[in-house]
Amino acid sequence: MAAQKINVGVIGFGMSSKTFHCPLIVSSPHLQLHSIVSSGDKCTQVYPQAQHVKTSDELFASKEVQLVVITTPNELHFKLAKQAMNAGKHVVVEKPFTVTSKEAEELVELSKRTNLVCSIYQNRRWDGDFLTAKKIVEDGQLGRLVEFESHFDRFRNYVKAGWRETDAPGSGMLFDLGAHLIDQALHLFGKPYSVYAVVENQRQLKESNIDDDFTIIFRYKNGPKVLLRSSMLARQAPVLRFSLRGMDGSYVKHHLDPQEDQLKAGQTPLTPGYGIESEERWGTINADVKGLHVVGQVETLPGKYLDFYNNVAETIMKGDLSHLAVKPEQGYETIRMIEVIRQSSDEGGKTIIL
Numbered sequence: 001m002a003a004q005k006i007n008v009g010v011i012g013f014g015m016s017s018k019t020f021h022c023p024l025i026v027s028s029p030h031l032q033l034h035s036i037v038s039s040g041d042k043c044t045q046v047y048p049q050a051q052h053v054k055t056s057d058e059l060f061a062s063k064e065v066q067l068v069v070i071t072t073p074n075e076l077h078f079k080l081a082k083q084a085m086n087a088g089k090h091v092v093v094e095k096p097f098t099v100t101s102k103e104a105e106e107l108v109e110l111s112k113r114t115n116l117v118c119s120i121y122q123n124r125r126w127d128g129d130f131l132t133a134k135k136i137v138e139d140g141q142l143g144r145l146v147e148f149e150s151h152f153d154r155f156r157n158y159v160k161a162g163w164r165e166t167d168a169p170g171s172g173m174l175f176d177l178g179a180h181l182i183d184q185a186l187h188l189f190g191k192p193y194s195v196y197a198v199v200e201n202q203r204q205l206k207e208s209n210i211d212d213d214f215t216i217i218f219r220y221k222n223g224p225k226v227l228l229r230s231s232m233l234a235r236q237a238p239v240l241r242f243s244l245r246g247m248d249g250s251y252v253k254h255h256l257d258p259q260e261d262q263l264k265a266g267q268t269p270l271t272p273g274y275g276i277e278s279e280e281r282w283g284t285i286n287a288d289v290k291g292l293h294v295v296g297q298v299e300t301l302p303g304k305y306l307d308f309y310n311n312v313a314e315t316i317m318k319g320d321l322s323h324l325a326v327k328p329e330q331g332y333e334t335i336r337m338i339e340v341i342r343q344s345s346d347e348g349g350k351t352i353i354l
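Position 8 of the sequence shown, counted from 1, bears residue number 8 in the working numbering, the numbering being contiguous throughout.
If you're looking for bench data, these hints aren't it; they were derived computationally from the structure.
Note that the structure is predicted; figures quoted are calculated from it, not measured.
Do not take every clue at face value.
Listed below are the simulated EDC-like cross-link pairs for lysine to aspartate or glutamate, each with C-alpha atoms no more than 20 Å apart in a straight line [to be verified]:
1. Lys160 - Glu105
2. Lys290 - Glu329
3. Lys206 - Asp167
4. Lys134 - Asp346
5. Lys191 - Glu58
Simulated DEER-style distance windows between Cβ atoms [what the hints assert, rightly or not]:
6. Pro272 - Lys79: 39 to 45 Å
7. Lys221 - Phe155: 19 to 25 Å
8. Val289 - Thr114: 46 to 52 Å
Every residue, glycine too, gets a C-beta built ideally from N, C-alpha and C.
Using the sequences and the hints, build the whole thing.
In C-alpha cells form, the structure reads like this:
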C-alpha cells in the first residue's frame, strides 16, 4: 500500500507561490496540495483539486493540513510561522526566513520545543550551476581555492509594482537575492572570519527607497576570499554567475539556472528535460587536474529544486529533524549575517570581525 501523502496548505498565491511552490508540491510523490489561502479565487482555476481558504487562521484550524508553506510579504513570515507551529503544523517559509535574527532565533527554539519541521525555501542550493561549482570546489579541481565570486544580477531601471520594492521591513535586494547568495556561501564555506560590505541604493528612484546594489566580501582564515555581488543595473549579457580561482586554474560560469524560466513557462520537474542547461550555457575551466591540463566546457549538473520539497517530506515522515537539508539554525545564520552586513555598510564599509 502506498504511503499516505502529506497534506500541504499554502499561504499566498503570488509570484513565488505560483512559480515555485505549488508546481513543486504537486510534483512531489510525498505531498498533496490541499489548500491555498488567497483573497481571490484564481488559485482554484489553476489548482481545482485544492481548497480555497480565505484566512490563515482557517488553515491553521484544519486538522487535515500537516505542512504550511508561507509565501507572504517578508514582514509576515515570523508571525505566521509562529502561529502555524503553535497550531501543530510543520512549516516551510519563503526566504528570507525572518526580518530580524531575534525573530529567527525564536522560531529555531519553537521548532526544537515542538519537534516540528521549520525550513526555509533556499532553493538556490539546488541550482545546477551552484551544484556544479560546489562539486568543483569540494573535489579540489582548481587546487587550493583562493577566490569564489558569486553574482546574482538583474537589469531593472524602474520600479516594479508590488511589495518587494516598497520601503518596508525585509525589503530590498539584500533580503531578496542576497539571502540566496549568503546562504550558498555559508552552506559551502561556513561562517566567515570577517565581513566587509557596501549596500547602496544606486537607482535613487523617487518611488522606491530600497537597496538595489551590494558588494559583500567574506574572508576565511583557512579558505578563499568570497565575493558576493548583486546589482539591479547590470545590463551586460550574458550575466556572470560564478568566477572561481585556484592555485591550479579557474572556472567561469555565465547565465542563470534555467529552472525558474522553465517553471514560469509551465514546465514542472516531471517534464522531460527539466533542469537541464543547454550546452552553449555551460561554464568553462582552465586548470591542471591530476596531471592533465584541462581546457574546455564543464557540463552543468541538472538543477533539482524538487529535492528541497522531497527532503522536507522525508524529514516529516522520518520524524527526525537532523535529516532536514535547510535547518532553521541555518536560516538564523543567514539573517544574522544580513545584520552584520548592514552594520559594515552603515559604518562606511568597516570590516567586522566575527
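Hint check results:
no. : hint                        : result
1   : Lys160 - Glu105             : violated (32 Å)
2   : Lys290 - Glu329             : violated (38 Å)
3   : Lys206 - Asp167             : holds (11 Å)
4   : Lys134 - Asp346             : violated (32 Å)
5   : Lys191 - Glu58              : violated (40 Å)
6   : Pro272 - Lys79: 39 to 45 Å  : holds (41 Å)
7   : Lys221 - Phe155: 19 to 25 Å : violated (37 Å)
8   : Val289 - Thr114: 46 to 52 Å : holds (48 Å)
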